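Heads up: the protein sequence lines correspond to chains W and S, in order.
Residue 29 in my numbering sits at position 29 of the first sequence, with consecutive numbering throughout.
Residue 2 in my numbering sits at position 2 of the second sequence, with consecutive numbering throughout.
Some hints here could point you the wrong way.
[Stated by the list, open to error] Calculated lysine to any residue pairs in the SDA-like style (CA-CA distance at most 25 Å, straight line):
#	chain 1	residue 1	chain 2	residue 2
1	S	LYS138	S	LYS185
2	S	LYS185	W	ILE14
3	W	LYS36	S	ALA203
4	W	LYS131	S	VAL183
5	W	LYS66	W	LEU51
Source of the hints: derived by calculation from the structure; they are not laboratory data.
Values in this document were obtained by computation on a predicted structure and should not be read as measured data.
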Amino acid sequence: MKRWPFVSVFAIAIALQLIGEQFPFSPFPMYSGFSKETTVLYVTDAKDQPLPIKNYFRLSASKVKKAFNTELKNVCKKNGYDDGMATSEDYRAAGQYTLQFLKTQTRAGALAKIQKHGMKLQRISLLMDEKGFHQETEMVGEIAR
Amino acid sequence: MINLSRLRNLRENVIQHAGWEMFLMRLLLLWPFWLVVTRAVVQVQPKPNGLAHFVDLTWLASPGIGNVLLGLFAVCGALYATGFFVVPALGIITAILVAKGTLINSQGAINHALQLITLVALAQWIVYCLRRPLGWTKRESHLQAVHWAKVTIAASYVSAALAKLFASSEFWIARVPYMALQVIKSNLQSYYNDLVVTTSPIAEKFPHWVVENPNLTRVIFTGGLLLELFAFLALVNRWWALFIGVSMLLLHWSIQILMNLEFKHHVYVLLIFYVNLPWLLYAAVQWLRRTFDKKPLAQP
Numbered sequence: 001m002k003r004w005p006f007v008s009v010f011a012i013a014i015a016l017q018l019i020g021e022q023f024p025f026s027p028f029p030m031y032s033g034f035s036k037e038t039t040v041l042y043v044t045d046a047k048d049q050p051l052p053i054k055n056y057f058r059l060s061a062s063k064v065k066k067a068f069n070t071e072l073k074n075v076c077k078k079n080g081y082d083d084g085m086a087t088s089e090d091y092r093a094a095g096q097y098t099l100q101f102l103k104t105q106t107r108a109g110a111l112a113k114i115q116k117h118g119m120k121l122q123r124i125s126l127l128m129d130e131k132g133f134h135q136e137t138e139m140v141g142e143i144a145r
Numbered sequence: 001m002i003n004l005s006r007l008r009n010l011r012e013n014v015i016q017h018a019g020w021e022m023f024l025m026r027l028l029l030l031w032p033f034w035l036v037v038t039r040a041v042v043q044v045q046p047k048p049n050g051l052a053h054f055v056d057l058t059w060l061a062s063p064g065i066g067n068v069l070l071g072l073f074a075v076c077g078a079l080y081a082t083g084f085f086v087v088p089a090l091g092i093i094t095a096i097l098v099a100k101g102t103l104i105n106s107q108g109a110i111n112h113a114l115q116l117i118t119l120v121a122l123a124q125w126i127v128y129c130l131r132r133p134l135g136w137t138k139r140e141s142h143l144q145a146v147h148w149a150k151v152t153i154a155a156s157y158v159s160a161a162l163a164k165l166f167a168s169s170e171f172w173i174a175r176v177p178y179m180a181l182q183v184i185k186s187n188l189q190s191y192y193n194d195l196v197v198t199t200s201p202i203a204e205k206f207p208h209w210v211v212e213n214p215n216l217t218r219v220i221f222t223g224g225l226l227l228e229l230f231a232f233l234a235l236v237n238r239w240w241a242l243f244i245g246v247s248m249l250l251l252h253w254s255i256q257i258l259m260n261l262e263f264k265h266h267v268y269v270l271l272i273f274y275v276n277l278p279w280l281l282y283a284a285v286q287w288l289r290r291t292f293d294k295k296p297l298a299q300p
C-alpha cells in the first residue's frame, strides 16, 4: 500500500463514482456538466403572481426543479425515449406530478391559500450564445381553484 | 529548478495530533451533526434513495420522534466527545445521520449538502469498530479516526473532480463559460425561494463578464478543478492541510457569492479537520512566545 501514494483517497473516490447516488454515498457531480441551456421552475398563483417556495412548501426552487426533472425522465422512459426528446405533453405530465407532490409538502397555512387561489408551475428556459442570454417562460402545470 | 526528490516526500501521513486537539475536533463536529439531527423532514418518501429502497423511514417525521432523537443525540454526543463507548455512541449518531439524510434525499430531488458530513461520521465509526475500543478509547484510535475523516473529505473532492472530467464527452474546461447560465439560474432560484432579491453586485456582472472573457474564465475555473483533484495533498502534513483547507473555503465562499449556494457542512468539516483553528491559534501563540522570549544579544 505504501508504494502507492494516496491510494486510500483514490480508492474511495473511485468507489463513490461506482456506487453513484445512494445516500450517504455520492460521486459529488455538482456542476460536472455545463450546457448552453438550463431551466428554472417556480410556482405562481392563478393570476401568475410568484409564490415564495420555501415559505409555502418547505423546500427550495432547486428541489422543485430536481423533482420535475426526475419525473420527466420517468415519463419519457415509459414512452420509450430519452428526456431530451420530451414533448409538451411530457412536460405537462411532469408538471402536474410536481404540483401534486408540492401539495403534499405544503404548510398548513399555505394550503388554504392554494385551495382558494390555485397554483401553476412555470418553467423558464435560459439560453446562452455568443451574443448573450435569452429566456422564455411557459406554464407546465396547473391546479385550478 | 524543481527539486524532484522533494516530491517523494509528498506522501500520506497520520498527523500526530495532541489529545486536546482531537477532543476539540470531536466536540466541534457535534455542531454540524446537530444541524442534521434537527433538520425538519416530511412524512413521505415518494422517490426512495439508498436505504429507503428497503426501509420505510417516514416514521422519522412522526410527532415526538424529534425529541427522542435529540435526547439520544445529547447522550451519544457527550460520550463521543469524551471518548467513552465511542462505538455505540458514534454508531447511533451515524445511524441518525444516514436515516435523516436518506429521507431528505428520497423526496425526488438529490441534494449534496449532507453526504460529506455523514460519510465522515461513517468513516470514523468504521475505524473505531475495527480497533474495538472497550470503554475508554486510546489515542491511537482517535488518531486513525481523525486521519480517515481527512481521507474521506479529500476523496469527496477528488471524486467531484473525477465527475467533472468523466461526465461529458466534451472536455469540461471547454464548456466552463456556460457556467454563466448556472449563476443566473442559481440567483433566480434564490429569488423564487423567498421572493427577495439576494443577488450580489458581483453575481449580477459575472455572467456578462464570462461572455466577454470565455478563455480567462476557463483559466480561472481550471484552478478550481485542480484544487479538487489535488485535495489529497491535505494528507501530507498540517501545513498542506491548512493550505488545501483555506483554498477550499475560498472556493466555497466564491460559490456562495456568485451563486447563493451554501455548503455549510463542507465548510465546518474543512474548518475542523484541515484548517484546525485551535491548533493554528496554539501554533501562533507558541511562535510569538519563541520570538519574544529570545534574549537580545549582548553588546560587544
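To see whether the hints hold, each was checked on the structure:
1. S:LYS138 <-> S:LYS185: 50 Å, violated
2. S:LYS185 <-> W:ILE14: Answer violated: LYS185 of chain S to ILE14 of chain W is near 30 Å, above 25 Å.
3. W:LYS36 <-> S:ALA203: Roughly 18 Å between the alpha carbons, so the hint for LYS36 of chain W and ALA203 of chain S holds.
4. W:LYS131 <-> S:VAL183: 17 Å, holds
5. W:LYS66 <-> W:LEU51: 18 Å, holds
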